[in-house]
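Enquirer: Listed below are the residues making up each chain.
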Amino acid sequence: MEKHTLAKNEIMATGSILLVLIYVVFFTLFIIIFPIICNNKFLLHIAILANIFALVAISWDLLFGFVGILNLAPAVFYGAGAYTVGFLTKYCHIHPIGGLIIAGCVGLLLSLLLGLPSLRLRGAYYAMATLAFSAVLNTLALGMPNITGGEEGIIGIPSLISGTEWNFYFSSYLVLTCVLALKYMLSTKYGKKLTSIREDEILSQAAGIDTSKYKVIASTIGGVIAGLAGGYSCYYFNNVAPEVFSIAFTFSIITITVTGGIGTIIGPVIGSYLLTFANENLYIIGQYRLLVYSGIIIFVILFSPTGIIGAVKKLKRN
Amino acid sequence: MLLQILVSGFLLGGIYALMASGLSLILGVMRIVNLTHGLFFTLGAYILFSFIIGTNVNPFIGMFFTIIVLFLIGSFLEWLIIKRIKYSEINMMVLTLALAIAGEEFIRITWGPKYLHIPPLIEGEIRLGHIYMPNQRILACFIGLFMLFLLMFFLKKSKTGKAIRMVQQIPETAALMGINVRAISMVVFGLGVVLAGAAGSLWAPMYITYPAMGWTPLLISFAIVILGGMGSLGGSILGGFLFGFATLLTSMYLSSGLVNVIPFITLFIVLLIRPSGFFGKDIF
Chain Z
0 MEKHTLAKNE
10 IMATGSILLV
20 LIYVVFFTLF
30 IIIFPIICNN
40 KFLLHIAILA
50 NIFALVAISW
60 DLLFGFVGIL
70 NLAPAVFYGA
80 GAYTVGFLTK
90 YCHIHPIGGL
100 IIAGCVGLLL
110 SLLLGLPSLR
120 LRGAYYAMAT
130 LAFSAVLNTL
140 ALGMPNITGG
150 EEGIIGIPSL
160 ISGTEWNFYF
170 SSYLVLTCVL
180 ALKYMLSTKY
190 GKKLTSIRED
200 EILSQAAGID
210 TSKYKVIAST
220 IGGVIAGLAG
230 GYSCYYFNNV
240 APEVFSIAFT
250 FSIITITVTG
260 GIGTIIGPVI
270 GSYLLTFANE
280 NLYIIGQYRL
290 LVYSGIIIFV
300 ILFSPTGIIG
310 AVKKLKRN
Chain S
0 MLLQILVSGF
10 LLGGIYALMA
20 SGLSLILGVM
30 RIVNLTHGLF
40 FTLGAYILFS
50 FIIGTNVNPF
60 IGMFFTIIVL
70 FLIGSFLEWL
80 IIKRIKYSEI
90 NMMVLTLALA
100 IAGEEFIRIT
110 WGPKYLHIPP
120 LIEGEIRLGH
130 IYMPNQRILA
140 CFIGLFMLFL
150 LMFFLKKSKT
160 GKAIRMVQQI
170 PETAALMGIN
180 VRAISMVVFG
190 LGVVLAGAAG
200 SLWAPMYITY
210 PAMGWTPLLI
220 SFAIVILGGM
230 GSLGGSILGG
240 FLFGFATLLT
250 SMYLSSGLVN
260 VIPFITLFIV
270 LLIRPSGFFG
280 KDIF
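If you're matching them up, the sequences are chains Z and S in order. For the first sequence, position 45 (counting from the first letter as 1) is numbered 44 according to numbering that gives the first Met the number 0, and the numbering increases by one without interruption. For the second sequence, position 168 (counting from the first letter as 1) is numbered 167 according to numbering that gives the first Met the number 0, and the numbering increases by one without interruption.
Calculated from the structure, these hints are not laboratory results. Cβ coordinates follow ideal geometry from the N, Cα and C atoms, glycine included. Please note: incorrect hints may appear among the correct ones.
Using C-beta positions, here's what the derived DEER-type ranges look like [as the list claims (entries may be wrong)]:
#1 S:Thr249 / Z:Ile265: 41 to 49 Å
#2 S:Lys161 / Z:Ile265: 39 to 47 Å
#3 Z:Pro157 / S:Glu124: 17 to 25 Å
#4 S:Arg181 / Z:Leu42: 24 to 32 Å
#5 Z:Ala277 / S:Asn55: 41 to 49 Å
#6 Z:Met143 / S:Asn134: 52 to 60 Å
#7 Z:Met143 / S:His116: 26 to 34 Å
#8 S:Pro112 / Z:Met143: 48 to 56 Å
#9 S:Leu175 / Z:Val19: 37 to 45 Å
#10 S:Phe9 / Z:Ser161: 57 to 65 Å
#11 Z:Ser158 / S:Phe75: 33 to 41 Å
#12 Z:Phe298 / S:Phe64: 25 to 33 Å
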């Protein structure tokens with residue numbers, strides 16, 4: 000029996016690797032053709048924005064949807080990554096790739112810093128701690144103009160990659176890599192343990208899972224992704240400003256993830272694309288944007304807490 | 000100088016204590032993390048503004064009506080939306096956050112994004128030696144303490160108050176004893192909202208009024224409630240005064256921009272060392 004199962008798993012693994020390769024090939028074709036078909040740089044720009052948000056949303060969903068911890072500061076990792084790139088470029092004139100990698104590392108360190116207290120604190124306490132932390136960073140970013148450039152932030156950062164098309168490819172690939180890597184990770188034993196923690200933490204602990212370790216690992220992965228996203232965004236926008244730490248940003252991420260569907264990997268991506276494009280196209284509602292966002296969240300939480308993906312799954316079942 | 004700081008700190012602390020008590024009440028009785036507390040702080044100020052500027056009533060009557068309106072809004076909100084998400088603590092946080100942002104945008108649309116000034120309810124100041132105490136601050140602290148006193152009296156002596164305390168202490172059994180937990184939830188949320196809004200309407204004439212003014216008080220209230228112990232009303236009141244002192248002490252040594260960092264750092268440290276605070280029981 001044992002041998003038989005192993006063989007079957009191997010075949011399935013090979014099969015899925017093939018599947019993955021096919022996906023990647025199609026994806027590559029798609030993103031190469033896409034800019035050629037729609038000769039619209041602005042559209043590509045929006046897509047890049049959506050990609051960046053998607054990355055942060057995925058990282059946030061890792062903690063919220065999969066482990067069940069509410070983190071009110073995805074902005075912390077993202078902003079820290081962005082400011083790291085800003086500082087390093089301005090004061091150390093670092094090479095862009097180096098900057099990006101260090102942004103990821105900063106995300107990692109910060110996530111450890113925030114992740115360790117999460118072991119001691121439950122739900123609401125932890126959420127407040129993260130909210131406070133992001134408020135502190137926001138205040139610091141605004142209050143120390145000599146170092147951080149104050150309200151204006153740091154400007155004049157050179158691009159990592161020049162050209163909108165190439166940025167589109169790069170960011171899309173980042174998202175793809177993220178999604179694939181996480182999907183793989185979740186299919187492993189580790190991923191299943193992670194999901195079990197969300198379902199019932201006490202039961203998981205009783206089953207012998209070291210929940211603290213998994214929480215920290217999940218938090219760290221999320222931190223790295225968000226840090227990378229932040230660093231990349233600094234290169235793409237060529238500047239970084241205190242807005243990265245704002246509640247508005249955190250809130251956008253939450254809206255995206257909750258709408259798209261928490262607890263899935265694709266959900267945040269879909270939510271990000273939907274909302275970013277809607278945001279740009281409905282610029283008439285510009286000043287009402289946050290109102291609309293919050294309305295969406297309220298609606299989704301009241302009527303379909305599992306978001307769009309959840310609703311689709313429910314429909315499929317029926 | 001120190002005496003001035005102590006006095007000013009005390010006066011400010013009264014307002015902090017008022018707001019923190021509202022949060023503590025909702026947290027303790029309903030077990031929900033209410034992120035709309037800052038919104039109602041702001042709303043209180045704006046509603047008072049409308050009463051004073053819009054109509055020509057006596058400001059004190061304006062305050063009275065503000066409180067009534069806030070209670071109605073709070074209870075209604077609880078009945079309409081909050082009660083549906085009781086099952087999930089996390090979703091509740093996201094929901095109240097969304098409500099808070101929606102509310103802030105609503106305020107921004109209705110009253111405009113510009114800074115507003117509410118004239119002080121009482122002009123002038125009292126001087127005792129070297130100490131200056133603007134009358135508005137004394138009034139604010141006095142009204143705050145009065146409301147807190149009313150609250151404690153209400154909780155201790157009245158039938159509804161006792162029912163509220165029962166729901167806090169033995170939630171499951173309270174329903175079995177015939178207490179209308181639904182109604183109590185509405186009342187408690189309304190009360191919490193009133194306390195926040197009263198704090199806001201007392202605070203605003205001394206400073207300025209703007210749509211996003213509620214976030215810092217929200218975090219400060221949480222810091223106070225956590226510091227004083229979740230579920231402990233006395234702890235929140237005491238914590239409120241402590242924070243009042245701390246804020247003014249730090250404002251002496253730090254630039255005003257950085258003063259707000261202190262409550263957040265304190266909160267962070269307290270959460271790391273002793274999440275249940277000084278007086279509280281660990282609710283979560």
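Enquirer: If a hint holds in the structure, say so; if it doesn't, say that too.
Expert: Here's how the hints hold up against the structure:
1. S:Thr249 / Z:Ile265: 41 to 49 Å: holds, 47 Å
2. S:Lys161 / Z:Ile265: 39 to 47 Å: Distance hint for S:Lys161, Z:Ile265 is violated at roughly 52 Å.
3. Z:Pro157 / S:Glu124: 17 to 25 Å: Once the Cβ atoms are compared, 56 Å apart, the range 17 to 25 Å for S:Glu124 and Z:Pro157 is violated.
4. S:Arg181 / Z:Leu42: 24 to 32 Å: violated, 51 Å
5. Z:Ala277 / S:Asn55: 41 to 49 Å: holds, 45 Å
6. Z:Met143 / S:Asn134: 52 to 60 Å: Given a distance of about 37 Å, which is not inside 52 to 60 Å, the answer is violated.
7. Z:Met143 / S:His116: 26 to 34 Å: Holds, since Z:Met143 and S:His116 (Cβ atoms, about 30 Å apart) stay within the stated range.
8. S:Pro112 / Z:Met143: 48 to 56 Å: violated, 26 Å
9. S:Leu175 / Z:Val19: 37 to 45 Å: violated, 56 Å
10. S:Phe9 / Z:Ser161: 57 to 65 Å: Given a distance of about 60 Å, which is inside 57 to 65 Å, the answer is holds.
11. Z:Ser158 / S:Phe75: 33 to 41 Å: violated, 52 Å
12. Z:Phe298 / S:Phe64: 25 to 33 Å: holds, 32 Å
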